[in-house]
Every structure is written in C-alpha cells, then in structure tokens.
Amino acid sequence: MSTVYFIAQQTMYFAIPLLIVALAGMFSERSGIVNIALEGIMIVGAFFGIGFINIYQKTMSGQTLLILAVLIAGLSGALFSLFHAFASINLKADQTISGTALNMFAPAFAIYTARMIQGVQQIQFIDTFYIRSVPILGDIPVLGPILFKNAYITTYIGLIIGLISWFVINRTRFGLRLRACGEHPQAADSVGINVYRIRYAGVIISGVLAGIGGLAFVVPTSTNFNATVAGYGFLALAVLIFGQWRTNKIFAAAFFFGVMKTFASAYSGIPFLKGLPISNEVYKMIPYIATLIVLTFSSKNSQAPRAEGIPYDKGSR
Amino acid sequence: MKTKIFQNEGFTSFLSSLAAIVAGLLVGLIILFVSNSKDAIPAFVMILKGGFEDGSRGLAQVIYFAIPIIMTGLSVGFAFKTGLFNIGASGQFKMGAFVAIYIGVKWSSVPAEIHWLVALLGAMVAGAVWGSGPGILKAFFNVNEVITSIMMNYIGMYLVNMSIVKTIYDSLKNQTKPVLKSAFLPKAGMDKLFNTSNISIGIFIVILAVIVIYIILQKTTFGYELKACGSNREASRYAGINEKRSIILSMLIAGALSGLGGGLLYLSGSGKYIHVLDELAPEGFSGISVALLGMSHPIGIFLSGLFIAHLEVGGFNIQLYNYVPEIIDMIISVIIYCGAFALLFKQIIKKLITKPVIDTDNKDNVEPVPLLISGADKVSVHDEANDVTRQEEDEK
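Same order as they appear, the protein sequences are chains H and U. If you count the first sequence from 1, position 49 lands on 80 in the working numbering, and the numbers rise without skipping. If you count the second sequence from 1, position 227 lands on 349 in the working numbering, and the numbers rise without skipping.
Just chain H, same shape as in the assembly:
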C-alpha cells in the first residue's frame, strides 16, 4: 500500500504543473489563439517566482513566501503573454512565429539576467515549502496519504485551478463567449461580443496559468532554477491536444502522463519494477510512447477549436 501512496504522491509533482499549463493552453486556444509559447511563459514565470523567493527568503519562509511567489509568477507570465496577444490579435501575425519567438526569448533572458546579476545562471532557493502532512486532513485513511502527505501547496492550487477552469469554461457567460470566439468569431461578433477583448482575456489567463505552472514545476522537483522547465511547456501542449481541448479530458490526460512519468523517474523506488532487467532509458521513453499509442487510436475525430490560429479580421468576409 505504501507503494501506491508513493506513486500517487510522486504523480502529483509531475501531473499538477502539466495540468495547470495545459489548462493555460486551453484558455488561449479556445479563444482562437494558438499558444505555442507556453514553454517560454513557464520559464518567465519560474524565473521571476524563483527570483522573488531567492531575494526574500531571508526575511520570509514557508507558505506565505510560496504563495507570494505564485502571484509574482502569474503576474510576470501575464505580462509576457501580452507580447503574444499583441502580435496575434492586433497585428494579425502568424501565431506560431510569435510563439516561437517568445520561446526563444525566455530562456535567453533568464540566463542573461541571472548571469549578469549573480554570475551563474542557476538561481538557488531553500525549500521551506514542503508539507510532510497537512494537519487533520493528512490523517484521513487512504485519501490522506494520497493527497495530503509529502505535498506542496502548489498541488492544491493546481487542483483548485482545475475546478475553477472547468466552471469558467462550461458554466459562465464568459466561458461561452470564449468558446464562441474560438469556434466562429464572426458569429460571436455579430451578436455584439468584442472578439479582440475576449481573445486578449484568453491569452492573458493563459499567461497567468502558464507562469504559475512554471513555478509549480520547479519548486517540488529542484532546489535551483536553471533557466529551463525541461520541455514541460511542449508536453503540456501535447496534453492539451491529447485532452481534446476539454477540461475533464485534460485532467485525465495530465494524470495519465503524470503516472507514466512517475514510473519513468521513480521506478527504482517501486519494488516490482526495480527487479526487471530493463534499461533506465526504456522507462524514460514509456510516457512518450504511451502517449503516441493512445493518440493514434483517439485522434480520428479531432475537436480542435475551429477558428484556432486564424487572426480575426473584422473586415474580412
């Protein structure tokens, strides 16, 4: 049973950032803007979040510091995503190009700034955020060890973001408008919805979430930030497509990938896998191969937003 708990706890570290960032992608893409810049926004969010922690960890510690850092990460992600919004909404630029530019800028900026200020590109931080066991909740049988032990507060932030996203997209007026702008912006415009404004909102929400996701990835898995989020932005893009742009399916996809990734990285801690004569690399490949196979059988009817990637031009007909 302890193995199951171990797997569940490890899965959270991988699945939660993926979930947050894939949802980030969902908000942008369902408003009609392809956001390939998730990786770059994650890096910017993590850079400012970890930078904040690095500066203030002498005076603060614990969950207050982490929550403030999460806010900083979200804010910086939002500001950075404005570049993408401006290019793809106002200037009607090719969204892949502007996304690629952002992806390239972010790590270079992080390395350059860190090295110019402190000499080395790694930004160190002290992990004072680890929660061994949440009071009271941690003692619940079964659920307690799975959710409330060996955790980080980012896990709960991620789960809450998941719930709110589902609600916003499916149950609110704003969500309906956002989806309309991604499916048929002309129709949305004809009933008085400001397509540009909704798309801006979509990209900015995407920036906030991707920034938070970047921090949520770095904090549990490392003790320094090395200007990279290990391709998680691209993986989140895969999760988004895998999850067919729908909240509940993204949730399932993120956890599917998270579990696979846990087997890949923590198989030596899992007794029945440790004994098998399989090389380390094979385990690392499994999440990607599994995703490929699942996609092969589930992609026949893609449910991508129809107007995705097409700049909205009021004058066009």
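Some hints could be false.
[To be verified] Looking from chain H toward chain U, a few residues come up when the C-beta cut is under 10 Å (computed):
1) Ile67
2) Ala132
3) Ala139
4) Ile142
5) Phe273
6) Phe287
7) Phe303
8) Met316
9) Phe328
10) Lys331
By construction, these hints were calculated from the structure, which means they are not laboratory data. Quick caveat: nothing in here was measured; it's all calculated off a predicted structure. Backbone N, C-alpha and C define an ideal beta-carbon position, used for all residues, glycine too.
Could you slot chain U onto chain H? The hints should help.
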C-alpha cells in the same frame, strides 16, 4: 522605373525583413546599455562584426555554426511549405548524428574513400525514418504532427542515449567514441585555405541540398503537389493528388534533411561528440528560427542561417567584455517576433512610398488617394473598410 522595384513583392519582403533585423539589433543595443553602459558600444560593434573579427578563421567558424542550422532550417522550412510544422527536427537531427557516428566508428570494412559518404547516407536514412513516423500517423490516423514530433524528439533522445551506451560508448568521458579518420568529411584543402580544422566540404553539401530543395519546390510537379496539399488538403484530393502520400513524403524529406545536418556536424572532424545527457538537440529548435527568418524559402534559409551563425560568433566574442552570449538569442527572437509583423511592415513601406494625400482635417471619412502604384489601392480600400466598421462601433 522606381515604382517597378517597389511593386515587387520580393523587394518589400526583403525590406520588411531588414526592418525586423534593425529592430532586433536595436533591442540588443538597449540590453547591452542597460546591463553595462561602459562597454556597450564596442561590444555591439563586435556583435555586428561577428565572423569578420578573426579573418578567415572567423569565417570558417561562421560556416561551421551555420551548417547544422541551415540543414534543420531547410527541414522545418520544407515542412512549412507543405503545410506541416516539423517541430521534431531536433529528434531527427539526433538520430542522424548517432547513425553517422555509429557508421563512422564501427563500419571500418567500408572502403575509406566512401566511408564518410556511407555515414552521411546512413544519417539521412535515420532522419527520414524518424521524420516519416509523424507523417504516417498524420496521414492515416489524423494525429497532430506537432505533438507526435515532440514525442518523437524525446523518444529519439532516449533511444540514442541507450544505443550509445550499448554500442559506441566512451564511459570515461560519458560520450561517443571518436569517429575513424576515414569517416571525416574531406577537407579538400580548405583547412589550409582557412587556416583552421573546422572547415570541410560540408558547406558544399549544404549548398547542394539548398539547390535540390529549391528545384523540388519550385520546378517539379511533385513539389507542386506537396505545396498544394499544404494549402488545401481537400482541394488537392479533389484534384487527384494522393494527399496521404504527400504528407508522408514531406515529413520523410524533412527528416532526411535534419538527419543529414546531424551527420554533417558530427563528421566534420572538429572534435564534437554526442554526450549522454537528457537534453534535446538545440539545433532542431534553432532550425525553426532559421526557417522563419528565411521565410521558408530555401535561399532565404541559407542566408538567414549564415546571418544567425555570424551573430552567434559575435556573441561568443563579446564574452571578452564580460557580456553573456545569450544576448544573441534575445536579438534573434526579437527579429523573429518583428518578422511576424511582416504584413504590417509591408503596408507601412507601401504607404511611405506612395504617400497618399490625406485631408488632415477630416481624416476618417476621406479615402486616401493612391498616387503611384496599384498595390496601394488594395491597402486603402482595406483601410476604408476598417474605418467604416470602426465608425459604426463609435456610433453604438
């Protein structure tokens, strides 16, 4: 006479690329000033001089940097032209590099004269196989090629690491064993000409690849079919083009180009090895920038690859002034970002050239009068449409 030049679509594209480059360099200059104003100007000059800093050796260095990114750029650009986004150049590059090194280390029985050629062909085949995977999945199962390419990048990286450890591993240095001399690309006396060992006939192979891709895309029915498929799958199927075959072949060729790039880099005899690290090959992602900056045109890609390599050499040199070379990546990303505004630049350029007469008192209602070129007509009509809708909005 003057107007004819400005009417030319290619010329305005060139001007807008130039504007993007100037904008990128300006941002670079600002960053240099903000981080250390004392040495900003000399460092900036050094970046501009790039490969010209160090005589023929510097030029050789530019070519050495340019070879792999031109190849991955061609790969990405070719796929772009055929309507596919090949983000998997990184994995294809790594597969090609591994097979080239494997053949270079192990196949000593191959005649020495053609050893390098066999290794390069092997690299192309490996890249092609890796590229065709996403193509097949896209053609038959409608799987988005972006996501499969990303997955293939990671699978390829781990597969290469595993294969290196099992076959051609130098465990002391955690890297591949050195390639046999016969597998190095021939120097053909160029090392003496440029006075460095970094250069070989690799650049001529790159030029050959550029020409071949140009001919395929512009001069053959096959290339036309691929492009048609890229712009409209349904229409080309209606026209009798086998669109599944086209998609697979596009990805296969794109993969072969990246694979060849991997082979060319690691067989150049410059002492480069694959290290066994969990790290995707960065050349694949640089290829995206090169392709975008070169507007996916083979010759544009060739030039933009050289240009980016030139800046990178400059970025390497400015470490002399204690600046960090990553500033080059920032400059390039700004250039690409501004390049995305090509449309806007073009309109501005056209407007500047035509200088429409506008009644300044009543700007919104009067249609700008086009003076010189017919292209301005379209622009002004378009603007008028926008203005009308804007007015309607205001009235609401």
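The hints, checked one at a time:
This hint holds: H/Ile67 has a C-beta 8 Å from the nearest C-beta of chain U, less than the 10 Å allowed. With a cut of 10 Å, the hint placing H/Ala132 at the interface with chain U holds, because the nearest CB-to-CB distance is about 4 Å. At a threshold of 10 Å, the smallest CB-CB gap from H/Ala139 to chain U is about 3 Å, leaving the interface hint in force. Of the supplied interface hints, the one on H/Ile142 holds, with its beta-carbon coming within about 5 Å of a beta-carbon of chain U, less than 10 Å.
With a least beta-carbon distance of about 7 Å to chain U, the hint placing H/Phe273 at the interface is held under the 10 Å criterion. Annotation: interface hint on H/Phe287 violated; nearest CB of chain U at approximately 13 Å, more than 10 Å. About 22 Å separates the beta-carbon of H/Phe303 from the nearest beta-carbon of chain U, more than 10 Å, and the hint is not met. Given hint, H/Met316 at the interface with chain U, holds; its Cβ is 5 Å from that chain's nearest Cβ, closer than 10 Å.
For H/Phe328, the shortest C-beta to C-beta distance to chain U is roughly 8 Å, which falls under 10 Å, so the interface hint holds. With 10 Å as the threshold, the beta carbon of H/Lys331 comes within range of chain U, its nearest partner Cβ sitting at about 6 Å, so the hint holds.
Hint compliance for this structure: hints 6, 7 are not met, and every other hint is.
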